[in-house]
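Here the structure of chain A is known, so what remains is to put chain B in place on it, guided by the hints.
Protein chains in written order, with my numbering: chain A, 1 to 73; chain B, 74 to 307.
Misleading hints may appear alongside valid ones.
[As the list claims (entries may be wrong)] DSBU-like cross-link-like pairs, simulated, lysine-lysine; straight-line CA separation at most 30 Å:
no. : chain 1 : residue 1 : chain 2 : residue 2
1   : B       : Lys80     : B       : Lys135
2   : B       : Lys141    : B       : Lys217
3   : A       : Lys70     : B       : Lys80
4   : B       : Lys76     : B       : Lys135
5   : B       : Lys141    : A       : Lys64
6   : A       : Lys70     : B       : Lys292
7   : B       : Lys301    : B       : Lys80
8   : A       : Lys70     : B       : Lys187
9   : A       : Lys64     : B       : Lys292
10  : B       : Lys216    : B       : Lys292
11  : A       : Lys64     : B       : Lys76
12  : B       : Lys141    : A       : Lys70
[To be verified] Label-pair ranges, simulated between beta-carbon atoms:
no. : chain 1 : residue 1 : chain 2 : residue 2 : range
13  : B       : Leu295    : A       : Leu48     : 26 to 34 Å
14  : B       : Lys301    : A       : Arg35     : 51 to 59 Å
15  : B       : Leu242    : A       : Lys70     : 28 to 36 Å
16  : B       : Thr302    : A       : Val46     : 34 to 42 Å
17  : A       : Lys39     : B       : Leu142    : 50 to 58 Å
18  : A       : Val42     : B       : Leu242    : 39 to 47 Å
19  : B       : Arg143    : A       : Arg8      : 34 to 42 Å
20  : A       : Arg63     : B       : Leu82     : 15 to 23 Å
21  : A       : Val42     : B       : Ile192    : 35 to 43 Å
22  : A       : Tyr57     : B       : Leu82     : 17 to 25 Å
23  : A       : Arg8      : B       : Gln180    : 49 to 57 Å
[Said to hold, decoys possible] Quick partial rundown of chain B residues pointing at chain A, CB under 10 Å, derived from the structure:
no. : residue
24  : Leu87
25  : Gly94
26  : Ile288
Don't read these hints as lab results, they were simulated from the structure.
C-beta atoms are modelled at their ideal positions from N, C-alpha and C, and glycine is treated no differently.
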Amino acid sequence: MMNKFILRSLFCILGMLLSATGFAQDAGASADLMRSNGKIYVVVAVCLTILLGLFLYVFSIDRKISRLEKNKD
Amino acid sequence: MKKNWWKILSLLLLIYTVVAGFLVAVPDLPIIHQSIRNLYFHVCMWFGMMILFIISFIYSIKYLRGFKLRNDIYARHYAAVGTVFGILGYVTGSIWANYTWLTDQSQSLGSVLKEPKLIGAAIALLIYGAYFVLRGSFTDMDKKARVSAVYNIFAFAMLFPSIWIIPRLVGSLHPGAPGSDSGNPALNAQKDLDAGMRMIFYPAVIGWTLLGVWIATLKIRLQLITDKTLLNDE
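Bound-form chain A, shown alone:
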């Protein structure tokens, strides 16, 4: 139970950090990169976020099933 809580808060902090870096890029030097070439890098960032989110989701399902398998045997 405690483990789950720590994991969740870690994800929460990670999410906040990621969004913070996103805002920071608006002002920072990498803003040039994100806005170059018709802002295609923004699309790459969005797709990577979706992909990572999906994989985290599938990974968590995988872990849950592994735990169920352990309980049954």
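Chain B only, in chain A's frame:
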């Protein structure tokens, strides 16, 4: 974790697909322009579907050889994920066709979607849809497994005329039809696919397929747990 290396590989390959797929330059052909990048996503869905259906077919044969129910569960879930990949390929293909096959805005998408290639793919998917209906209509477990394994082999055999042979014989807007100068971008890659695109396309196929296999194994493991619980409750 040792057994999970291919899941990480799938993630890495798909990250590579998204980054390189959007950023590496592609040949700019008329009409298609940048939309050729769909090759890394739309075409991979069909490749993934075909590989998952082959795995399902193998497990159906394995079931009929030894009548182990486990093989039937494997066949069912690989076919299910394959069908999902097929539907995704169909939907993404319709979106792509909407912006490349229509000559002007007044033309409706329905007028170009009456394509042998698309109808063949729809038939193939419907045959697999019937596989799940057939499975659902049995109450006896062994009978269900036996009849649906035989049907699955039939469904797999029907893939060949409906998505491989007929579209190659009749004219179509889709690449791979006779009479068009497009050749076959899927299988005749040496001649018809840009070398740079090949470097992204093949890893993309492997990445998407591994993701499909992963989801299928999750469904199988869940089914095995549920079945075990059912047996213990009795």
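Going down the list of hints, with the structure as the test:
Taken as a hint, the B/Lys80 and B/Lys135 pair is honoured in the structure, with Cα atoms around 25 Å apart against an allowance of 30 Å. The suggested pairing of B/Lys141 with B/Lys217 holds, with an alpha-carbon distance near 13 Å, which does not exceed 30 Å. A C-alpha spacing of about 20 Å is found between A/Lys70 and B/Lys80, which places the hinted pair at or below 30 Å, so the restraint holds. With a CA separation close to 24 Å, the supplied pair B/Lys76 and B/Lys135 stays within the 30 Å bound.
As the CA atoms of B/Lys141 and A/Lys64 are separated by approximately 26 Å, the hinted pair is consistent with the 30 Å bound. Proposed proximity of A/Lys70 and B/Lys292 is supported: the alpha carbons are some 16 Å apart, at most 30 Å. For the hint pairing B/Lys301 with B/Lys80, the CA-to-CA distance comes to about 26 Å; that is within 30 Å, so the pair holds. This hinted pair does not check out: A/Lys70 and B/Lys187 have alpha carbons roughly 51 Å apart, beyond 30 Å.
Taken as a hint, the A/Lys64 and B/Lys292 pair is honoured in the structure, with Cα atoms around 12 Å apart against an allowance of 30 Å. A threshold of 30 Å between alpha carbons decides the hint, and for B/Lys216 with B/Lys292 the separation of about 22 Å falls inside it, so the pair holds. The suggested pairing of A/Lys64 with B/Lys76 holds, with an alpha-carbon distance near 17 Å, which does not exceed 30 Å. Of the supplied pair hints, the one linking B/Lys141 and A/Lys70 holds, its CA atoms being roughly 23 Å apart against a limit of 30 Å.
The hint said 26 to 34 Å for the Cβ distance between B/Leu295 and A/Leu48, and at roughly 28 Å that hint holds. Range check, B/Lys301 to A/Arg35: Cβ separation about 55 Å, and the 51 to 59 Å hint holds. As the Cβ distance of B/Leu242 to A/Lys70 is approximately 53 Å, the hint placing it in 28 to 36 Å is violated. Here the CB-CB span from B/Thr302 to A/Val46 is close to 40 Å, well matched to the stated 34 to 42 Å.
Checked against the hint of 50 to 58 Å, the pair A/Lys39 and B/Leu142 passes, with Cβ atoms roughly 53 Å apart. Between A/Val42 and B/Leu242 the CB atoms are about 44 Å apart, so this pair conforms to the stated range of 39 to 47 Å. Under the hint 34 to 42 Å, the C-beta atoms of B/Arg143 and A/Arg8, about 35 Å apart, fit the expected range. A C-beta distance of roughly 18 Å is found between A/Arg63 and B/Leu82, which places it inside the suggested range of 15 to 23 Å.
Between A/Val42 and B/Ile192 the beta carbons are some 38 Å apart, a value that agrees with the proposed interval 35 to 43 Å. Range check, A/Tyr57 to B/Leu82: Cβ separation about 18 Å, and the 17 to 25 Å hint holds. A hinted range of 49 to 57 Å for the beta carbons of A/Arg8 and B/Gln180 is consistent with their spacing of about 51 Å. Nearest Cβ of chain A to the Cβ of B/Leu87: about 6 Å, under the 10 Å cut. The hint holds.
For B/Gly94, the suggested interface contact is upheld, since its CB lies about 9 Å from the closest CB of chain A, less than 10 Å. Taking 10 Å as the C-beta cut-off, the interface hint given for B/Ile288 holds, the closest approach to chain A being about 7 Å.
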